[in-house]
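Undergrad: Chains as they are written, first to last, in our numbering: chain A, 60 to 294; chain B, 30 to 666; chain C, 73 to 331.
It should be emphasised that the hints constitute simulated quantities derived from the structure, not laboratory data. A few of these clues could be false.
[To be verified] In the EDC-like style, the derived pairs of lysine to aspartate or glutamate whose C-alpha atoms are separated by at most 20 Å in a straight line are:
#1 522(B) <-> 92(C)
#2 276(C) <-> 159(A)
#3 328(B) <-> 371(B)
#4 53(B) <-> 33(B)
#5 86(C) <-> 576(B)
#6 219(C) <-> 33(B)
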Amino acid sequence: MELANRLWRSSLGKKYLMALSGCALFLFVVGHMIGNLQVFLGPEALNRYAHFLQSTPEILWPARLGLLALVTLHVVTAIRLWAENRAARPVAYSTYTPIEASYASRTMVVSGVIVAAFIVFHLLHFTLQKPVGLNLSGQDFAQLHDAHQRHDVFRMVVVGFQQAPVSIFYIAAVGLLCLHLRHGLQAWFQSLGLRNEAWRRPIDTLAWVAAAVVFLGNSSIPVGILLGFGKDMVK
Amino acid sequence: MKLESRIPSGPLAQKWDRHRFESKLVNPANKRKFDVIVVGSGLAGASAAASLGELGYQVKCFCFQDSPRRAHSIAAQGGINAAKNYQNDGDSVQRLFYDTIKGGDFRAREANVYRLAQVSANIIDQCVAQGVPFAREYGGLLANRSFGGTQVSRTFYARGQTGQQLLLGAYQALARQIAAGSVKMYPRTEMLELVVVEGQAKGIVTRNLVTGEILSHAADAVVLATGGYGNVFFLSTNAKGCNVTALWRAYRRGAAFANPCYTQIHPTCIPVSGDHQSKLTLMSESLRNDGRVWVPKKKGDTRAPRDIPEEERDYYLERKYPSYGNLAPRDISSRAAKEACDAGRGVGSSGLGVYLDFADSIQRLGEDKIRERYGNLFDMYEKITGENAYRTPMRIYPAVHYAMGGLWVDYNLMSNLPGLFVLGEANFSDHGANRLGASALMQGLADGYFVLPYTIGHYFASTRQLKPATSHPEFKKAEEEARSRLARLLSGKGKRTVLSLHRELGKLLWEKCGMARSEAGLKEALRIIPGLREEFWQNHLVPGNNESFNQALEYAGRVADFMEFAELLCADALHRNESCGGHFRVEYQTEDGEARRDDENFSYVAAWEYQGEGRAPLLHKEPLTFEELKLATRSYK
Amino acid sequence: MNLTLKVWRQKDAKDPGRFETYPAANILPDMSFLEMLDVVNERLIEEGREPIACDSDCREGICGTCSLVIDGRPHGGHHGTTVCQLHMRHFQDGQTITIEPWRARAFPILRDLVCDRTALDRIIQAGGFVSVNTGGAPDGNALPVSKTDADLSMDAAACIGCGACVAACKNASAMLFVSAKVSHLGLLPQGQPERERRVLNMVKTMDEAGFGNCTVLGSCEAVCPKEVSLSFIARMNRDYGWAILRGNPRRQTGAGGAG
């Protein structure tokens, strides 16, 4: 507890909290992406995977609660840091000239807020599947079942992403998420002190590549479906 | 006034040890009963304040800068000398002592200089322990380079920022004492008056530069470590804030001013580019390790330096001083540059410049090696001139750099006013008529770390201390004088800005009392200065008020003191009918233009005593006796 | 050259301050930026107005006193350059130049372009030193230091404490300054005994002074006149992490020292 207190009270400590929670969330994003990419293996694979998760509450709920705690920690710490940073310069310069700072690094708060809003939408859209009108398809996702009486997640995903506005929003949000991740990963190495002059460029490159992979992986699903993937399988 | 140098008896090599043993001590528990004021936070001031704080004295330290870390010691580039003999090249305490005395043209005290050479080794140890990142060899041991006026490599360095690193070491030690509560720091505070009670220095009057508050501080001793007066020339390598005010105020209260005419003109500075110039920038002397100085043989040769073939170049330092070559001492190199330019062979648009050429070294060692050694200096040169010195030779010209003269002090670094100690560049003691490169840092730190802590204790233990409060009439009188002076400065609503008056004074001094001085020129300067001073007080223009942050007022006060000091500087130069070190009188030179010293008549320290406004100062002489070394004509040929 | 200056004027810490516009006429390209301001100030004084207060001292880029934000860029934004080393040849005739002080809660403005940076001194006082008294130091060559470490330490020690890193940072963070001192001493064997204590205390004082947090923007490094690397911040983060994890490894007892 004393350690937590020390971390929370210090500027560097809060950066550790951001880095550690951010890292865990990044790993979740990667795992989630790998699971979802099973959509390209067809309905059987994806529905079996989803059924496995749904029917194992002893894994599902701790994971959900853990994620919630991580997100809360990440957001609350971010708000606190943001407030401190705002307070540190009460009078602004006549013009703000971003020096060196990348677009991604300057917009962490904005990208973070939009990503948070997206997460809420995403949860309503695919997890709670309520309100029904949200998915624009006119179908109630909760009522979709496959031949084994499992929830037909494959159909839900395909139908969901066949709605162009929804897909575009997903792609944009994932893009922002990856912008956020790109800087977040660099900062992760920096905040935990795992970077020096020799490793600086490789790490920056790694952050780029990781963010790009996450973007391509995640956006391939709505893009693929918009381009016609799964059309014949859900008729 | 009696000048007692208090040099201990006995053989030179044993004087300091013996003196330390014979000095009285202050019991550790009693040290906190003594208050010490330290004015200035450069190498000498910060090291003294920190060391005294460590010992347990109650210290107040003052600086006009916003932080003690910004004192002008920070700008010293090349290095610090120490008789470590790490290079196995024949160095010793005796040799450093000899080089320094000879470099100073036999116008320094033997005992002081010997002590300086002795403690030089301790300084390096102390600084390394503080975490000063000196340059290292691959084996992990300390690296050295050589400097002007010596034939051994004894200079320790931290790139071209040695002064910065040493000052940060002292500043950190000071910071530690500030945190411990033994030193109270007063940044942005200027000393305006020294307070003397019954003949003892007992405090100072200061002005808070932010609020204008005038305040008295009482103490058992006052230590002045306020640097040199080079800015009297307006253009110098000194920081803009450097001034003579603290020294001048002490002089007016009775402290003797010694050898003010010993001013050092540094040979390697960036030439003046125009009338707008506010200061001159030094290029470290260490550059002369690898750079060769030359001018074209032909007068008015305007070809680009690379187009001038080897046989049409005059490497005049190598030609005239073959055994020291480009590392001839500063005064000699400066005069040689002036001579070349006066003969019409100077380079650059003004004709006031000589080349410092690295082409040979770059060819021999490679550009990378040169970059490693001097990269920051080359960068600095490029920023100011827009020229790349890896491709084309640097242009350099001498500029006012250092003041060997200063307040007179005895062996204990105490002035003739009991309780007033003077350290570093502010005193006159160790460099004679010319300072060798990398010796200023050595002297500042020697005074602050290793001399004053001993001698101040002896003063406290051996002298009955008056303990006047700041309500004492002398304090009130000094405060009143400071206030009325400020009021007089602020009443100036004439037509001339202080800057223009300062520039005029500086130009006059540079022409009449600069690298070459003559009787006629000095007399003319002495005739003009009072008029200029009159013009200052009649026609100066100072905006604003005292009760606010008023930089124009600060500056006016400093220039007012330069206006008075300039007269003493010229008077001293006029009276010294010889040439020695930085003081070169054209009437006293050998046939080949070298300085001609007059040991018979001038082997003394000239200490001037203030006699009151409008009256000529009184000259006192402290004879210089040389027991260890024989007076010899200084030759670097 | 003829220029127009838009300068921040503020009487004292309480005054809200405002921009005022002044002409800068007949400026030569060889002048330094501060010499240009000298010219403007001379004219203001001659006109009976108060000159623009602005800090400078050594004018050769080492004391760290000068502190101007020029067109939104601390020290004018030239690589490895302080304001005093910036020359007018980098500006165009007819240009309008905006000049502001460092802006940060931890650096209150004293007047016009002059701010109070004593917060940086307080951070050093909290631990930016090696606790050795004068005298009794071992021989300088007693402890060999690898050249790589000595050079890296010097890279950090080159910091001039000007505060441009704070001025440039979107969050007004002093991390580059603090990490430079922590790294300078932490890289040398002489700095090891106090390494943990130093970083904990310095960071604590930095936080109390009201600086912002590092969000790894890199602006500090870009404007640093001594090109101090962002990697020193990573090094400090590592040192701090270890120190905070270790906590106080000694058992807390009431027993005192020997009598």
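Undergrad: Check the hint pairing residue 86(C) with residue 576(B) against an upper bound of 20 Å on the C-alpha distance.
TA: Answer holds: residue 86(C) to residue 576(B) is near 15 Å, not above 20 Å.
Undergrad: Taking only the CA atoms, is the gap from residue 328(B) to residue 371(B) under or equal to 20 Å?
TA: 10 Å, holds
Undergrad: Can the restraint linking residue 522(B) and residue 92(C) be considered satisfied, given a maximum Cα separation of 20 Å?
TA: 24 Å, violated
Undergrad: Between the alpha carbons of residue 219(C) and residue 33(B), is the straight-line distance 20 Å or under?
TA: Distance ~49 Å between residue 219(C) and residue 33(B) Cα, so the pair is violated.
Undergrad: Next pair to validate is residue 276(C) with residue 159(A); report whether the Cα-Cα distance is within 20 Å.
TA: Not OK: residue 276(C) and residue 159(A) at ~28 Å, beyond 20 Å, violated.
Undergrad: Given the proposed pairing of residue 53(B) with residue 33(B), does the C-alpha separation stay at or below 20 Å?
TA: 19 Å, holds
Violation of the numbered hints given earlier is confined to hints 1, 2, 6; the remaining hints are satisfied by the structure.
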